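Top to bottom, those sequences are chains R and H.
For the first sequence, position 242 (counting from the first letter as 1) is numbered 242 according to the numbering used here, and the numbering increases by one without interruption.
Just so we're on the same page, the numbering used here is the position in the second sequence counted from 1, plus 1000.
Just so you know, these hints were derived from the structure itself, not from any lab.
Any given hint could turn out to be false.
[To be verified] Covered stretches of chain H (chain R as the covering partner; in silico rule of three or more C-beta atoms under 8 Å from a C-beta of chain R): (1) 1033–1040; (2) 1089–1103; (3) 1234–1244; (4) 1295–1301; (5) 1392–1399.
Please read all numbers here as calculations on a predicted model, not as lab measurements.
Beta carbons: idealized from backbone N, C-alpha and C, even for Gly.
Protein chains: 2
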Amino acid sequence: MAKEKTTFNISKEKDFSNWYTEILNKAEVTDMRYGVKGFVVIRPWGAKIIEKMYKIYESALRATGHDPTFFPVVIPEENFKKEASHVEGFSPDVFWLESKQGEERVALRPTSETSMYQMYSMWIRSHRDLPLKIYQRANVFRYETKATRPLIRAREFYWIEAHDCFATRKEAETQVQDDIDMTEAVMHKIFGVPFLPMRRPEWDKFPGAEYTVASDSMLPDGKIIQQPSTHLLNQSFAKAFNVKYIDKKEKEQYVWQTCYGPAISRIMASVISLHGDDNGLILPYTLSPIQVVIIPFHSAKNKDEINDEARRIKNTLFLENIDAEVDDSDKRPGEKFFHWEMKGVPFRIELGENEMKSGKATIFIRDTKQKVSVNLKDLIEEIKDLGAEFDARLIAKADEFFKKRIANCSDKLSIKKALDSGNIARFDFCSADKAGEKCAAYIEKELMARVMGTRADKSEKPKDKCPFCGKKATAVVYAGKSY
Amino acid sequence: MAKEKTTFNISKEKDFSNWYTEILNKAEVTDMRYGVKGFVVIRPWGAKIIEKMYKIYESALRATGHDPTFFPVVIPEENFKKEASHVEGFSPDVFWLESKQGEERVALRPTSETSMYQMYSMWIRSHRDLPLKIYQRANVFRYETKATRPLIRAREFYWIEAHDCFATRKEAETQVQDDIDMTEAVMHKIFGVPFLPMRRPEWDKFPGAEYTVASDSMLPDGKIIQQPSTHLLNQSFAKAFNVKYIDKKEKEQYVWQTCYGPAISRIMASVISLHGDDNGLILPYTLSPIQVVIIPFHSAKNKDEINDEARRIKNTLFLENIDAEVDDSDKRPGEKFFHWEMKGVPFRIELGENEMKSGKATIFIRDTKQKVSVNLKDLIEEIKDLGAEFDARLIAKADEFFKKRIANCSDKLSIKKALDSGNIARFDFCSADKAGEKCAAYIEKELMARVMGTRADKSEKPKDKCPFCGKKATAVVYAGKSY
Chain R
1 MAKEKTTFNI
11 SKEKDFSNWY
21 TEILNKAEVT
31 DMRYGVKGFV
41 VIRPWGAKII
51 EKMYKIYESA
61 LRATGHDPTF
71 FPVVIPEENF
81 KKEASHVEGF
91 SPDVFWLESK
101 QGEERVALRP
111 TSETSMYQMY
121 SMWIRSHRDL
131 PLKIYQRANV
141 FRYETKATRP
151 LIRAREFYWI
161 EAHDCFATRK
171 EAETQVQDDI
181 DMTEAVMHKI
191 FGVPFLPMRR
201 PEWDKFPGAE
211 YTVASDSMLP
221 DGKIIQQPST
231 HLLNQSFAKA
241 FNVKYIDKKE
251 KEQYVWQTCY
261 GPAISRIMAS
271 VISLHGDDNG
281 LILPYTLSPI
291 QVVIIPFHSA
301 KNKDEINDEA
311 RRIKNTLFLE
321 NIDAEVDDSD
331 KRPGEKFFHW
341 EMKGVPFRIE
351 LGENEMKSGK
361 ATIFIRDTKQ
371 KVSVNLKDLI
381 EEIKDLGAEF
391 DARLIAKADE
401 FFKKRIANCS
411 DKLSIKKALD
421 SGNIARFDFC
431 SADKAGEKCA
441 AYIEKELMAR
451 VMGTRADKSE
461 KPKDKCPFCG
471 KKATAVVYAG
481 KSY
Chain H
1001 MAKEKTTFNI
1011 SKEKDFSNWY
1021 TEILNKAEVT
1031 DMRYGVKGFV
1041 VIRPWGAKII
1051 EKMYKIYESA
1061 LRATGHDPTF
1071 FPVVIPEENF
1081 KKEASHVEGF
1091 SPDVFWLESK
1101 QGEERVALRP
1111 TSETSMYQMY
1121 SMWIRSHRDL
1131 PLKIYQRANV
1141 FRYETKATRP
1151 LIRAREFYWI
1161 EAHDCFATRK
1171 EAETQVQDDI
1181 DMTEAVMHKI
1191 FGVPFLPMRR
1201 PEWDKFPGAE
1211 YTVASDSMLP
1221 DGKIIQQPST
1231 HLLNQSFAKA
1241 FNVKYIDKKE
1251 KEQYVWQTCY
1261 GPAISRIMAS
1271 VISLHGDDNG
1281 LILPYTLSPI
1291 QVVIIPFHSA
1301 KNKDEINDEA
1311 RRIKNTLFLE
1321 NIDAEVDDSD
1331 KRPGEKFFHW
1341 EMKGVPFRIE
1351 LGENEMKSGK
1361 ATIFIRDTKQ
1371 KVSVNLKDLI
1381 EEIKDLGAEF
1391 DARLIAKADE
1401 FFKKRIANCS
1411 DKLSIKKALD
1421 SGNIARFDFC
1431 SADKAGEKCA
1441 AYIEKELMAR
1451 VMGTRADKSE
1461 KPKDKCPFCG
1471 KKATAVVYAG
1481 KSY
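Make the full structure from the sequences, and use the hints.
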């Protein structure tokens, strides 16, 4: 790996945009020099984080009855055209392959509804085949024409998509709620990324869906980033792809469908942005590829003894499923500290002659930059406790940041002010149905913000008029500047 | 999932080709009805096997100092052209994307040398950056024009590619041997797929490589299937992509490179083909997504008691990292047996009133179809022992099959006879260098077989003349009909 002299002194608070670009580079998460717009290289440290995120997310999906699957990366043009609003919504985004002689034109999947559901129509016969709950770990491709940002707005992203079929609408609606709960359990409570579950307005739902609930999170610059969304597809795709089952009364019925899409690379962008500081990444303990780095300090005399102890500690931690590494390179201690702080490793154990004599290790804690001394014989328990506290602290800090950024507004001026200072504006609005599209377009054009929709997790009643058209408000909406 | 009435009575020995197609379908490994030539759907059971294979292979790579990474799926046309013999070798196989206005033409990766090495030239500066050992789990795409076979000859495959850089030729050559050793340790000793490490003749090496060692295995019909190959790239790509380092004497040097590519989906084809029988799949114990299926037999009276015990056993096994599942569906016992035998699950525990009373469980063993009775209190140990024996049996059987299929031949007639009866022919040959290409072409045309090359694991001295051109033989080669 490159050993260029690294310096890092961009303030996240004052210059998030450059901080973000720089940290991805310096912490060797991605490399932006690949040379094709919207495609970046994920370097080993980034790949290890992504792998841990996949592992956690896939376990959660399996635990809730989803089976893995792998569908082809290409989708025939004909499939694509089957669901009218879907093809309309996605067509501008699609990469097509150069046609091969005598073969049908195929697209690189931007999402896999039209790939999967033709197979579902062959797999599902009777009510005993339901529910069908399937996911795939896959890369998807969208032809992004705007400026791209690594991991945030890209042309290739690393994601999971779950596509479920049910016998009844009620079960499908329950699944939509289960998806939101999974975003909460995994993205918020493990990765430390808070969000608002927003039911998208009618004009901004997923192409082909009856409704969409997206998880809107925020980056440090106050911009909204859309994280996993879940969609009630109702029966529109089932009708387009003929996905039917025979019910208990021997009657043929269309299935009810949902889909859910956590984009792992995009969630990683939030994890990096929310938790990092001006010294580099800060990774949640649960997520960090290396949770504990052990740095031996030794002279020529006690080198073997101290290195042996470092390795013994590493192995002890390993047996308890704690990922540890010994940095016995010939770098200076300061360089090592700098390196592992940049990578965001939660704990650094410093192990020298003093520690050997006293039977105590000094642990440096990445986020608070404090050092604690612990008995080596209690190390496992201490690390586990410190790890739980570490993650709780990151979550609390991210929550605190997010909570403060929601501003109750009542008129155009306060909305503009909120948005311009990097907040989410909450206000009464004419309508989240078709009727509100005009005011939303005004907001997009004049305030450069997006109406995110209405809260999916609670019912909020408007009291006032819409500040834009003056009509009686029928919804409380949230708006924000958006990535 | 589809619950069509399943029958399976195609003889693997008599009709391997149909047996293979049928078993992929009936065991729900793949679905061939996707509708795009060379692209199949991997169904949940297949996906779970692939995931286990990736996990094992990636662990082996990490344990030997390889770091994971993810490179973009697209490669700019310009990169592709940089290594002359590489572009010549791969161009006919490439899928190109329809060009977007003002943007360079890009290909879907058929393999990633030309994607990765431009980045290596930026990452490597000094001898301290070496060795660089990187792999990626990725799908690659090749425009196969011949008839495709699911998992065997496809247009999309699930693979791993490792790309390493070294300071010296010697280290690179050692890596080639390490790659062969990894194929032996993982593919042979864990997955049960025996192979011959063959140094490919000069005319059949990887485009851009100095030499190629491929692992040739055999399918039950006697045809050769190429499994992981490893390549000494020497410095040809390093020169094309300017991958240099400053050595200890401050002198600039090109790196020495190797690459290694285990195609997981193709190895799965071998696993399925070699171990399966006329009742379905037989999966190695280490590889099976479900290692033990527990089938409770109960009446209305003791239903709860027996189901509770089944779940207790499952949990006990789970804590010992043994993947178990209770089949408490309302299918008839016969259907359940049939189902799990088809899926290839190594062990079935039958648990009924007798077993509860005696404290003994009956275990059905998938490959031998024998039943053994074990004390429930010794279950963990018994399963572990039986599992080790199970895998040893599969490996021994596959080895036995393979060993018998190598025939020593001395003239055209015996070679033809060996090949026509599904064997590998071993014979003295004019040359594995350029000079032998003409005789190899004759063999390909007249005998419809491929000269696989010379043994990489031992030195074999020819004694005779080449049976095709009559010149003095300089190599002992192996040839076989090939997929």
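Each hint tested on the structure:
1. 1033–1040: Our answer is that it holds, as 7 residues pass the Cβ test (under 8 Å) against chain R, meeting three.
2. 1089–1103: holds (count 6)
3. 1234–1244: With 0 residues closer than 8 Å to chain R, the segment 1234–1244 of chain H misses the three-residue bar; violated.
4. 1295–1301: Violated: only 0 residues of the segment 1295–1301 of chain H have a Cβ under 8 Å from chain R.
5. 1392–1399: Three-residue rule not met by the segment 1392–1399 of chain H, so violated; n is 0.
Violation of the numbered hints given earlier is confined to hints 3, 4, 5; the remaining hints are satisfied by the structure.
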